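Student: As you go down the protein sequences, you meet chains A and B in turn.
Under the numbering used here, the letters of the first sequence match residues 1 to 496, in that order.
Under the numbering used here, the letters of the second sequence match residues 1 to 120, in that order.
No lab work stands behind these hints: they were computed from the structure.
Since the model is a prediction, treat every value here as computed from it, not as a measurement.
Accuracy of the hints is not assured; some may be wrong.
Said to hold, decoys possible - Computed beta-carbon distance windows for the label pairs:
#1 A:LEU24 <-> B:PRO66: 32 to 40 Å
#2 B:TYR21 <-> A:SER362: 20 to 28 Å
#3 A:PRO229 <-> B:PHE10: 44 to 52 Å
#4 A:ALA103 <-> B:THR57: 35 to 43 Å
#5 B:LEU81 <-> A:MET297: 19 to 27 Å
#6 A:ARG26 <-> B:PRO67: 35 to 43 Å
#7 A:PRO20 <-> B:ASP68: 34 to 42 Å
#8 B:VAL53 <-> A:ALA103: 51 to 59 Å
#9 B:SER41 <-> A:LEU3: 37 to 45 Å
#10 B:SER41 <-> A:GLY454: 37 to 45 Å
#11 B:PRO67 <-> A:LEU3: 19 to 27 Å
For glycine and all other residues, C-beta sits at the position ideal for the given N, C-alpha and C.
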Amino acid sequence: MTLYDQLPALLIAVPLFTAPIAYLLRAHGLPWAAATAAVVMTFIISCSIAATVIGGETIVYEMGGWPAPYGIVLHIDALSALLAMLVTGSSAAALIFGAKSLADEVGEEIAPSFFAAWILCTAGLTGMVVTGDAFNIFVFMEISSLSTYILVSAGPDRRALVATYRYIVMGTIGATFYLIGVGFLYMSTGTLNTMDLAARLGDVTELRPVLVAAGFITVGLALKAAIFPLHSWMPNAYTFAPNVVTVFIAAASAKVSLYVMMRIDYAIFYKNIPNHELQLALLLAPMAILALFAGSMLAIYERNLKRLLAYSSVAQVGYIALGIAMSSVAGLTGAIVHMFNHGVIKGGMFMAVACLALRYRSVNIANLAGAGRAMPWTMAAFVIGGLGLIGVPLTPGFISKWYLVLGALEQGGFGAFLVMVILASSLLAVIYVWKVIEVAYFKEPRANAAPIEGEAPLVMLIPTWIVVLTGIWLGINSYVPVTLATLGAETLLGAR
Amino acid sequence: MQLLGLYNYFVFATLLMVGLYCVLARTNIIKSLIGLSIFQSAVFLLYISMDKVDGGTAPIIPSDAPPDIIYANPLPQVLILTAIVVGISTTALGLAVAVRIREAYGTIEEDKIQEMDREQ
Chain A
1 MTLYDQLPAL LIAVPLFTAP IAYLLRAHGL PWAAATAAVV MTFIISCSIA
51 ATVIGGETIV YEMGGWPAPY GIVLHIDALS ALLAMLVTGS SAAALIFGAK
101 SLADEVGEEI APSFFAAWIL CTAGLTGMVV TGDAFNIFVF MEISSLSTYI
151 LVSAGPDRRA LVATYRYIVM GTIGATFYLI GVGFLYMSTG TLNTMDLAAR
201 LGDVTELRPV LVAAGFITVG LALKAAIFPL HSWMPNAYTF APNVVTVFIA
251 AASAKVSLYV MMRIDYAIFY KNIPNHELQL ALLLAPMAIL ALFAGSMLAI
301 YERNLKRLLA YSSVAQVGYI ALGIAMSSVA GLTGAIVHMF NHGVIKGGMF
351 MAVACLALRY RSVNIANLAG AGRAMPWTMA AFVIGGLGLI GVPLTPGFIS
401 KWYLVLGALE QGGFGAFLVM VILASSLLAV IYVWKVIEVA YFKEPRANAA
451 PIEGEAPLVM LIPTWIVVLT GIWLGINSYV PVTLATLGAE TLLGAR
Chain B
1 MQLLGLYNYF VFATLLMVGL YCVLARTNII KSLIGLSIFQ SAVFLLYISM
51 DKVDGGTAPI IPSDAPPDII YANPLPQVLI LTAIVVGIST TALGLAVAVR
101 IREAYGTIEE DKIQEMDREQ
């Protein structure tokens, strides 16, 4: 056993063990440093795991040496590796970016607990992605949710508390639904390992409890993933959380719930419940189409920049749900690539927003007049992100929408309608992105407005631009996400 | 008779609905959290009910174990111990947030809080 074989376990162990250490560090800046070191390390580990599985290999790691149905295994295939990179990468990028912004927003006295919660959140999300045990997913889901509530409640505005409370209620209902579903699955099969579940469900003759389980799990996860109309907790949680927290949770946390939904609905139910793809499509497709329009329309009429981007996330989650509903390799590839690409795009945009918030002390769009001249680099990053949301060629948004359109075209007559929906929603994205550009570049700042100190500090600007350039690179050369996503989609559908 | 055999599951479903209704219908934050607690307890009952084996005893090996001894299934019990811990943490966190909401707004009624936010 070399260290290399232990990497999957370290992916979770490193952040889990760093969290209490970060909590004990009381000196200025040290909790941040510990968190950053741990998270960067997990990011490197997940990249090295991704390099292994991109060849089509699956890593199965037996925790404590207990073999599969008895012990808990970590099960890492292409899809989990891609999501693990997204989670740890966005967490690392947000932390490196956030040193100054967090010092501004989060007080010195709560810094140790704040960063401990941050590390736990990363550990929980990574754990959900790599574990091969249905109940273990619930445990990691709760680790990540509880710590996300803490992160959101650290927001400077008192409305952050109410947003946290709503998030706790909705998040707990979603997770409990998932737990009920897992209970019914255990009742029918006597196992919790996802691979074992998939195999044993084939012998189950009484499918009613399994159907009930599928219903509870899918709706519970849709609630956690904020698929319209179950998104009510999300806009305020994104708006009132500290800016850097928004960068992280907008990029990673809802995506992980969507990942679990794909994993359970395809790897377990798809093969064992007759017509499950139809049930899934009838549930998700209407929600997704509504999300595309309602999310974009709400964004168009929104005056707060952070909430505008949150509503835009509602719409973008709709694209992913639409891809999941298609149950074809192209559709699922589109959904998976869009999870990754949207994480990169939204992460970059929320970073730009954090830069603006640092200088303008406000994220109301009306107050940002003249930002195009005062902070040219920040606004340029924002605009490139916006182009990605619209799906302009050479941005990552184009790649994922391309696969979604390909998937839609396979669906025949209804597919043509879906293509129209995707294009119409992209046009709506033009409107809400333009709304911000118009104010920032073409409006004169009010005469009595306080002068702006100028561009955001380099420690924030450089990470923002690294993320933006990563986005552009992914738009030009999308080999890594597309290969991993195609492999993942094929595994989910059992094509290989 | 079969209906009586499913007694636990009826209680589970009833508690689940009572809890969910309480969460959604109450504007008082503490009352909603109580509802959330009832909602989670229902799931504990579901898991505990499914581990029952007819004639089964507690899954601890006694020193004079007869050869034909039957045990209840210990796994759901272990799982639900974890879920109980999660439930406690959620309630504790919810109550902590409720305390801070009270400090910041002076009330824990959601409709009053919404009014205050609108005025802001």
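Student: Decide, hint by hint, whether the structure agrees.
Tutor: Here is how each hint holds up against the structure:
no.: 1; hint: A:LEU24 <-> B:PRO66: 32 to 40 Å; verdict: violated (51 Å)
no.: 2; hint: B:TYR21 <-> A:SER362: 20 to 28 Å; verdict: violated (40 Å)
no.: 3; hint: A:PRO229 <-> B:PHE10: 44 to 52 Å; verdict: violated (30 Å)
no.: 4; hint: A:ALA103 <-> B:THR57: 35 to 43 Å; verdict: violated (59 Å)
no.: 5; hint: B:LEU81 <-> A:MET297: 19 to 27 Å; verdict: violated (46 Å)
no.: 6; hint: A:ARG26 <-> B:PRO67: 35 to 43 Å; verdict: violated (59 Å)
no.: 7; hint: A:PRO20 <-> B:ASP68: 34 to 42 Å; verdict: violated (47 Å)
no.: 8; hint: B:VAL53 <-> A:ALA103: 51 to 59 Å; verdict: holds (57 Å)
no.: 9; hint: B:SER41 <-> A:LEU3: 37 to 45 Å; verdict: holds (44 Å)
no.: 10; hint: B:SER41 <-> A:GLY454: 37 to 45 Å; verdict: violated (56 Å)
no.: 11; hint: B:PRO67 <-> A:LEU3: 19 to 27 Å; verdict: violated (47 Å)
When the structure is compared with the earlier hints, violations turn up for hints 1, 2, 3, 4, 5, 6, 7, 10, 11 and for no others.
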